[in-house]
Each structure stands twice: as structure tokens, then as C-alpha cells.
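Participant: Start from the sequences and build out the full structure, keeping to the hints where you can.
Going down the list, the sequences are from chains A and B. For the first sequence, the working numbering begins at 1 and goes up steadily by one. For the second sequence, the working numbering begins at 1001 and goes up steadily by one.
Don't read these hints as lab results, they were simulated from the structure.
Only part of the chain A face toward chain B is listed, based on derived beta-carbon distances under 7 Å:
#, residue
1, LEU2
2, PHE5
3, HIS8
4, PHE9
5, GLU17
6, VAL18
7, ALA23
8, LEU24
9, MET26
10, ASP28
Distance ranges between label pairs, derived from CB positions:
#, chain 1, residue 1, chain 2, residue 2, range
11, A, SER10, B, HIS1148, 51 to 57 Å
12, A, LEU14, B, MET1137, 27 to 33 Å
13, A, GLY11, B, SER1135, 34 to 40 Å
14, B, MET1127, A, ALA20, 17 to 23 Å
15, B, LEU1053, A, SER10, 22 to 28 Å
16, B, SER1061, A, GLU21, 27 to 33 Å
Positions of the beta carbon are idealized from the N, C-alpha and C atoms, including for glycine.
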Amino acid sequence: MLDEFHRHFSGQPLQMEVTAERALAMTDASLVRGHS
Amino acid sequence: MTADGRRRLPPQRRTVTHRPDIFFMAPPGHLQNWFWHGPSRQRAAELSYEVRLNPRDLPLSSQDWAELIEGVEALLTTWGSPRLDEAIMARNTTLQIVGHVGGSVAGIASEALFGRGIHLCTANPIMAQAVAEWSLMMTLVGLRGLVHYAQVGASAPPRWRPCSTSSTATSPASPCRWK
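Facilitator: Right, dumping it as C-alpha cells:
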């Protein structure tokens, strides 16, 4: 993930970014495991 | 390889245009140590990055988190990190990117985060390969009855159940396995 930060702060395209739609469609592990 | 037979290492990238304020939200202890160890520290050093580690145990209130991430430009989250909502980002005007050290980001994403134009990244592309390898390995371990096979030679040897490769109306195909 540090390399992703490096890409961002040096103006290069990100490789692991997710959209809002994709992010919110992922499994919420906190609900599955009962974490707060 | 070099002329004397040593493996040639790739050149290290040292082109750093900015040293962001990076904060890792994992609490002190196992999880923080699990991710923040040799390779991570080495890569941070290569990039001339300093990563501030969360010094406080969980649980923390939204106000506590807000104080911790004030001034942060890049945030590392992981399992157990809080949802990054308005309350937690109340004192932060500098955050540009969030890197989730884990797969799903559903637990940390919020409309407030995307509303501020903050980039959100997941380690899914990297972790997916390990998950696929693990799944294949466990499939073969189960299919070949490795756990039982490893007991061959023990005081009570397992019995082999022959398999059938064709099924009938009353007898479906069954895998070979130890029982």
C-alpha cells in the first residue's frame, strides 16, 4: 500500500483504487463478525 | 545474475516528491506488528516515508480518532478500523488517500469519504492471489484426504474407501477417501 501512496503523491495513476459503488458493495466484515 | 553469480536486485525507486504524513490505525499489539514489520519498514525507508503508528488501544471514540488523524495526508486502515465518517474526519482537512491493508473496504467507506474526493484503495488485488492459492491447496488437501493419509503408520491405520467413477440410479459416484 505504501507503493500506492507513492504513486499518488508522485502523480502516477493508482492501481488499487475502488469506486464508491464498488466499495459499498463489498462484504462488511464488521457486520459478519459482530465488531463495532 | 551478476558476473560473480549473485542475483541482481532491481534498482530501488527513490524518486520522492513529497513526504506525506502517514498514520496507521491498527492498535498496538499483534495486528500492528503483523503488518508493520521487516518488508513494510524496509519499503517505507526506501521511499523515505515515516509512518506514525497508532499508540492507543481500542476502542476509541470518534473524537479520539479525530484527534489522532488531524493533519494526516495518507491513512492506513485495516481490520477493525472505524468507518471514516464525518465525525472521525471532523478535524482533518488534509487527507488525500486511504490505503486499506485488507480486502473489503465496506466497513470503512462512507459517503463523507468519497464526498471529500479522498481516494480509497484496497489490497484486494494482492490478497486475491494468496486466497486463490490457499483455496486450491485446501481443495486438493481435502480431495486427496491428506489429513487421513498423514496418519498412515499410526497405531490405528485408516481404512481406504474405494471410489466409483460412474453413478447409477441408486448409487451415485463417490470419491476415493480414507475413512
